[in-house]
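Chain by chain, the residues run as shown.
Protein chains: 6
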Amino acid sequence: MKIAVYPGSFDPATNGHLDIIKRSGALFDKVIVAVLNNPNKKPLFSIKERMGILKKTCGNLENVEIDSFSGLLMDYAKSKNANTIVKGLRAVSDFEYELQMAHMNKKLNPDIETIFIMTSSKYSYLSSSLVKEVAQFGGCIRGLVPEIIEEDIYRRFKKVTV
Amino acid sequence: MKIAVYPGSFDPATNGHLDIIKRSGALFDKVIVAVLNNPNKKPLFSIKERMGILKKTCGNLENVEIDSFSGLLMDYAKSKNANTIVKGLRAVSDFEYELQMAHMNKKLNPDIETIFIMTSSKYSYLSSSLVKEVAQFGGCIRGLVPEIIEEDIYRRFKKVTV
Amino acid sequence: MKIAVYPGSFDPATNGHLDIIKRSGALFDKVIVAVLNNPNKKPLFSIKERMGILKKTCGNLENVEIDSFSGLLMDYAKSKNANTIVKGLRAVSDFEYELQMAHMNKKLNPDIETIFIMTSSKYSYLSSSLVKEVAQFGGCIRGLVPEIIEEDIYRRFKKVTV
Amino acid sequence: MKIAVYPGSFDPATNGHLDIIKRSGALFDKVIVAVLNNPNKKPLFSIKERMGILKKTCGNLENVEIDSFSGLLMDYAKSKNANTIVKGLRAVSDFEYELQMAHMNKKLNPDIETIFIMTSSKYSYLSSSLVKEVAQFGGCIRGLVPEIIEEDIYRRFKKVTV
Amino acid sequence: MKIAVYPGSFDPATNGHLDIIKRSGALFDKVIVAVLNNPNKKPLFSIKERMGILKKTCGNLENVEIDSFSGLLMDYAKSKNANTIVKGLRAVSDFEYELQMAHMNKKLNPDIETIFIMTSSKYSYLSSSLVKEVAQFGGCIRGLVPEIIEEDIYRRFKKVTV
Amino acid sequence: MKIAVYPGSFDPATNGHLDIIKRSGALFDKVIVAVLNNPNKKPLFSIKERMGILKKTCGNLENVEIDSFSGLLMDYAKSKNANTIVKGLRAVSDFEYELQMAHMNKKLNPDIETIFIMTSSKYSYLSSSLVKEVAQFGGCIRGLVPEIIEEDIYRRFKKVTV
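Chains as they are written, first to last, in my numbering: chain A, 9 to 170; chain B, 9 to 170; chain C, 9 to 170; chain D, 9 to 170; chain E, 9 to 170; chain F, 9 to 170.
Rather than coming from a laboratory, the hints here were simulated on the basis of the structure.
Which copy is meant is left open, so a pair is good if it fits within one copy or across any two.
Cross-link-like lysine-lysine pairs, in silico, DSS-like; alpha carbons within 27 Å at most:
1. K140 with K86
2. K95 with K64
3. K88 with K38
4. K95 with K50
5. K10 with K30
6. K10 with K86
7. K56 with K167
8. K140 with K88
9. K130 with K30
10. K130 with K114
11. K50 with K167
12. K63 with K30
13. K115 with K64
14. K49 with K63
15. K56 with K30
16. K86 with K63
17. K114 with K10
18. K64 with K166
19. K63 with K95
20. K56 with K88
21. K10 with K38
22. K49 with K167
23. K64 with K167
24. K63 with K88
25. K50 with K140
26. K95 with K38
Quantities reported herein were computed from a predicted structural model and do not represent experimental measurements.
One chain only, chain A, in its complex shape:
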């Protein structure tokens, strides 16, 4: 069975992420969307919330599983019997960083392969942090994130600034 891990912060998941998840689902027997628990960053949504959003929006995909991890991606992938890491590529700056990580991960575990999928052109400018920047000032994020979390994103920033 071909198992792939799609790691990320997903804080929150954007429509660009969902597009990659759907397309990955067609390539592998199982895709594990793995939310990174990074203690050095202050996320807008908790790990639990981020997993909840992914479950609500990808829950209908049969071979997609939502999970979280901390520590080294390679250790996590091995524990899940995954032999592939999936990454989305948007721009040249993504590419260089991802290439560096892929080489390092290959060094850490040569049995696990990193593959890259290009982000759909209509989402090429999209990132979780840009969505948050826009939402913070009340800009329209319709079409950028799953509709069910739109309201919630705006609400977070009101709390923060109050």
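Given chain A's structure and the hints, the job is docking chains B, C, D, E and F onto it.
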């Protein structure tokens, strides 16, 4: 009337910024140089000071106006009846970030266009932060910023370190 | 009056070109779409045909004019009293070449400014040569070029290979 | 069954290509290495010879098949029931071109996905054309191409120059 | 006498750094490896420790000297009678930043030249910060840093997290 | 003695090339400017003429020698007892190609090092081919090439087109 907004931190304005302002002035009926009030950053110069520097150095240009803004650039531009955003491009890394922002801004308001002007080759290596890095250690910044603020930049760093 | 020149080979014009033309029309009093007559290249469509396609597809835009030129762009722009060159930017590789040209053109005539507009994300992968590559083998080019020339493009390649 | 196509000119196959083929073999049920028959290029090795080299060097891999194609890659992939295209990525310049092709191919057939695998760092500078450039002047190509074709590559250039 | 300065944070020195040092030693009469004392950053190793690691691992190279500096690199280089700065280049993102710094340094002192050496392809993905990221979670860093400091790096992170 | 080779087509030498030559002269005991004799290209100036231009414009530099070569650069450098290759870097696209060549050359002869010098910012947009493109249509090339060859460049194109 064609109104353009040239947004930035301008902390402080460099000769590269002034070059873009002058050249933009020749392209549009009015250019509004808009200093971004970003509460998340600790600037060397206050908004008032940054606007003051720009006024002193571009005040002689008839169709150039100095202003400040906070929040979304697209909201500000609309409130000023501007239909164009002007950005300077130096390097590939600029380009990718600016392309991403331009796409997002197009999504937020399709009626406002972002245009890019290349930085003059003699200023291609110049940025406000690099100027501050050099000045902090007493390096020569002659020719990089308007002469009238040279002394002031050095003085700030002496205050900070005392 | 602000006059801009949008130069290119337009062999043939794609929907990406038309998008740039429309948006440029909103920025300037007059936009001259200038088809380059390059004797070193063997085009699929003649200068006359390329201008014809542009006229049919942009003819309804009031302030857009279709023309052709040979020789130096700066000489042509000056002869038309244009003070701006418009270029579309898609990718980093575009950017570097265009930056080089813009610097050279600035040297040739400092009074004429080059401005860059980003290509719409949905056309980011589009170029005349890629359209021809696809059409040559009968691939679907619907949505990539103006519908009125679709048939004609396929026909050209049949002639060539017969 | 997950079938992938790895297309290329392979004129001749380098050790970088063989590395991608082996790694792809671990990701898919079947990998079809598809030699492009491009009538516009003058190859050093004929299609038959290029396929022969690949067969000799990858013949021991159970799920790898060697084939050739002409025309549109998407048409070929569909005819083989492949749902994935594999591409190797070395550098930024590769990346931009491949991204453009991947977007166009997605447009031509949304059911077929392009995935990218990074070239091993030790082959990051390797390309068929660079190997030929070196061999042409008698430079050492040991370790860059399969040993069984080393001699043959040198011999070709002697023929050409005689 | 041709004296070169190779500046950096070296927190800690990686095998990629050592490779550049050895190769620089063959190009110049003397190479001064200069550890930057940056008060704005919290290093894993102190200046003294970083210099100690470099001395242990490059001490056998006759014309290599280990030193530290703070303030402007150009001031330091001049005080050492160096006429060259050596920098390693790995990726495009390195390149742009380094080009900017080289231009600025040329402006500060036109008599001192910056030269770039490409990082060996096997170390192209290596950086001090990536090594620390891996070590922090117990990943294997064998072959990435000098063996004598491997243990020490792991130990630091245990202290930090306890 | 430290001997460096600065290879290129120099068809013709530009002021950017001369800048690199002068600066290289300060770094090495001897710099050999080596004009590549590439039988696959049709140059504007013959090898003899290109060497003549370089001699006239760099002849006053004591430690600079003008020569020509064909075949592999590494073979030529070795025959001249050079241990360094000098290359000028302008843009990212230069960088990637040069990095690839440097890695290959390292493979061919690990004893010869390639170093890169950044092109002066005022020549960052300059190349021999762009100069020819401009001159071909009578554009002003003053300041881009040595004055003594300006007239000659224009004359060549008149011959060609007559």
